[in-house]
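Line by line, the protein sequences give chains A and B. FYI, the numbering for the first sequence is 14 to 282, going by our numbering. FYI, the numbering for the second sequence is 8 to 253, going by our numbering.
Rather than coming from a laboratory, the hints here were simulated on the basis of the structure. It is possible that some hints are incorrect.
What the hints assert, rightly or not - Only part of the chain B face toward chain A is listed, based on derived beta-carbon distances under 7 Å:
1) Leu59
2) Tyr77
3) Pro79
4) Arg85
5) Phe88
6) Pro89
7) Ile90
8) Met98
9) Tyr101
10) Gly102
11) Trp106
12) Pro134
13) Cys216
We put the beta carbon where it would ideally sit given N, CA and C, even for glycine.
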Amino acid sequence: MVDALTDPFAQSIGQRALVEVALIGAVAGPLGVWVVLHRQSYAAESLAHAMLPGLVGAALLGVPLALGAAAGLLLAALAIAAAQRQRAIEPDVGVAVAVTVLLGLGAVLALAPDAPQRLGELLFGDPLSVSHDDLVLSGTGAAVVLALMAALHRPLAACAFDPELSATLGASARATGLALLLLLAATTLLAVQALGNLLVIALIVAPAAAALRLTRQLGTALAAAGALGVLSGAAGLYASYYLEIAAGAAIALAALATFLLALLSPRRA
Amino acid sequence: MDAALRVRGLTAGYVPGVPAIEDVELDIAGGHSLAVLGPNGGGKTTLFRALLGQAPWRRGEIEVRGALAYVPQTERSRLDFPIDALGVALMGRYGTTPWYRRLSRADRRAAHAALERVGLGDHARTPYGELSGGQRQRVLIARALAQEAGVLLLDEPMSGVDRPSADRVLALLAELRDEGRIVLISTHDIDHARRFDGVLCINRTQIACGSPQDVLNAEVLARTYGAELVRLGDGARAIVVQHHTH
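Here chain B stands alone, though its shape is the one from the complex (with noise of 0.2 Å):
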């Protein structure tokens, strides 16, 4: 796989003239994964819709190789629609075919293929909505395979995860940068953060972008998150202080 994403100057929001994200600027090759960090309302959501073309409005360049997938939070999913978790699966193939037409059984194979792949081979006929919140969001990246994507854009993909299931999912995520795909973040947990190759703060604009020992120090974050970041005694730690608004 060969992906490539180089983005130049990107400012997108939602009303134009009104940015959410500036001036934001990536080179990720193939094989490399990036955590992007910032504060609720920083504009991960809105970096990641503009990468997915869905962005209202906005400004610079987007250079894309391999097709982008995006995974959304579990917690957003429907948990009462009636669907298993091949069909779930399945839907990554939708795109590949016109609308009027019936799936093939290449289809189904991949969809069953990439439910394997994430370890769910044996769940496939479980309803979706009495999956766990860890095998949930595995069932959300098997779809984002089955749609053959090169990039894989995942929206606080640990977010309502029990601690064992993130650690799953995170190297899943790393086996699936491994085979070559880019794979990027959303996250406002420093220390998964981490774990990536590269982390990007944003704070609506570029805070900075290089790798965890370069990006996460004491300066940078604070620049990051501003006044929602409270300093431990020891001075060693910093959490973050989330504003939940919903």
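The following block holds chain A by itself, in its conformation from the complex (with noise of 0.2 Å):
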């Protein structure tokens, strides 16, 4: 049985692989509580997708995946952020725009002559493939998010409880919306790598909802959010190994499960 437990672990690679998902579920789990209290996880979906042509382009120039991953989703969150401004059309309509035109751009990239096979894995992720040095960096990026949203937490309650009067409770609803689509877009380069860009939005939200679903106090379900992230990721790589399945496909499959475990539970006290 414990053999069974600490098989998938023995090796470096899967130990790298659990540290790795541990940090992203610790830091995905809360960020999503606030995504999801701001309702803006269509714009987290969005702004994970939108990051393509970034991931693409530098993976055709050469550089490090960060990197275009960091240009990809600046820009994006930008483009979402003005999208969202316009006022002559809906927020949505806005941000399915830029999003459609960010994803074309990167399928035209990614399908070049000259681009390299390597769609997939921008795509869903590895996190098998993390080095000693990407977990470095990821602990060192988890660490200063989870600073950030503890600093930013009262101005993301008020805004999100009383979007029209926080300026009056000393928060600005401008400032503070781009401060978290800031941190999403930080959290989904951390991510980016383990999970793919099309999978990191699972952790995110998934643990999230399950947590408000459990619990009315907010500290409870910003934890509540990071533990189930950080078992989401754990559980992924147990189901990856015994059932040899794709390890962040794995990872999304568990967070989701996570959700579907909470809806079953009595309503939250």
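Taking the hints as your guide, dock the two standalone chains into a single complex.
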């Protein structure tokens, strides 16, 4: 029994994968709580998808993927923020247009004759490919994002609870909304290598939705979402090892399973 | 508490050059309450936003002594937000501390005291979404008290609240006024307006402003509500037909 639990992590490759997904889960969970409370799940998904041109661009130019992802995300975050501010159209429509343009641009680049054959990895990720240096980067990034989330706790709460009124409570809805998108971009960047830009959203939204279903205390929800995120990561790696399925996809499915289980639980007390 | 509010020639709106309210004049000293009466779309919300400095454009003068706090309608609250009554009251302290600093014990005590003040000290840990409409309204008032407001602006505080709760909210507002604050509410209910020291009738422009006895007459109400006013057979009472547009 103990062997069955430790086998997947006997090798350093498995250990590194476990640490990586635990770091991602611990950040993505609480961030997801804010994303859900700010009703930005759609923007979050869009942001992750819209960074494809940056990833493909990096692959084409031969620069580190993280750099391309960062550039792509920054572009996507700004495009989405700008699209949401257009008063002439609904925010949803603006985001959809921005994302489709960026995804299309990514596809054009990816299907170019001299593009490397790595599109699958960019889209679906591979936690088993994580190096020691990647882990150091993830750990640092995770610490920074968690610290910023803690510092921004009150503006994030005020703007989610009272979007129209937040200014009279001393929080700028516009600045806070932009900060949330940037935190989201940073988290997506952290997670892209392990989970890919199509699956990362599962680990952001599902544990958070589950936690919000289970508790009515904000602090508890933030902590529970982090714990469920870590749990999803570990469960996904086990499933990947024993069922021989893709690790990134297994983690995304495990995260969705936490949400389905939360739906079955009695209504939060 | 020494609050005061003076408004001269206030014109404000959402699009420059297209006023939603014009030429509003107000003079209120601390310890007085005022009901802003008017039809939906008549400019009540715009007036409050202009007073809070949140109207996209405005002309005229506003002089305020004492902090302003806005109390939104409970019907607009997010009931799914994971927060308890104390957490909402504590939001009143957010503006006093920079975002990166922790709130102090004194802030928590102030939020607790504000909840006690509105009679909800026992409900500090109750999830906001599980409170009744009247209790939620009082929690939002507690949040304004935690902001140490000298001037309270309440948007339709009796809407979505049952009658006993509405009476309780009105009694609480009278107490807060007696402590020297200025209490402004917006309402479309003439009977509620009657219970305030002053009434401002507004329908894009200021129709009348004065004591309820002077202002609440058939002529002023007809000009305030126009075609929305329905006269009953006995001629003594008027009811307002509300056209809700949501």
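Results of checking the hints against the structure:
1. Leu59: holds (6 Å)
2. Tyr77: holds (5 Å)
3. Pro79: holds (6 Å)
4. Arg85: holds (6 Å)
5. Phe88: holds (5 Å)
6. Pro89: holds (5 Å)
7. Ile90: holds (6 Å)
8. Met98: At 6 Å from the nearest chain A Cβ, methionine 98 of chain B passes the 7 Å test, so the hint holds.
9. Tyr101: holds (5 Å)
10. Gly102: Given a least distance of 3 Å, the restraint on glycine 102 of chain B holds.
11. Trp106: This interface hint holds because 5 Å falls under the 7 Å limit.
12. Pro134: At about 4 Å, which falls below the 7 Å cut-off, the nearest Cβ of chain A leaves the hint on proline 134 of chain B intact, so it holds.
13. Cys216: violated (25 Å)
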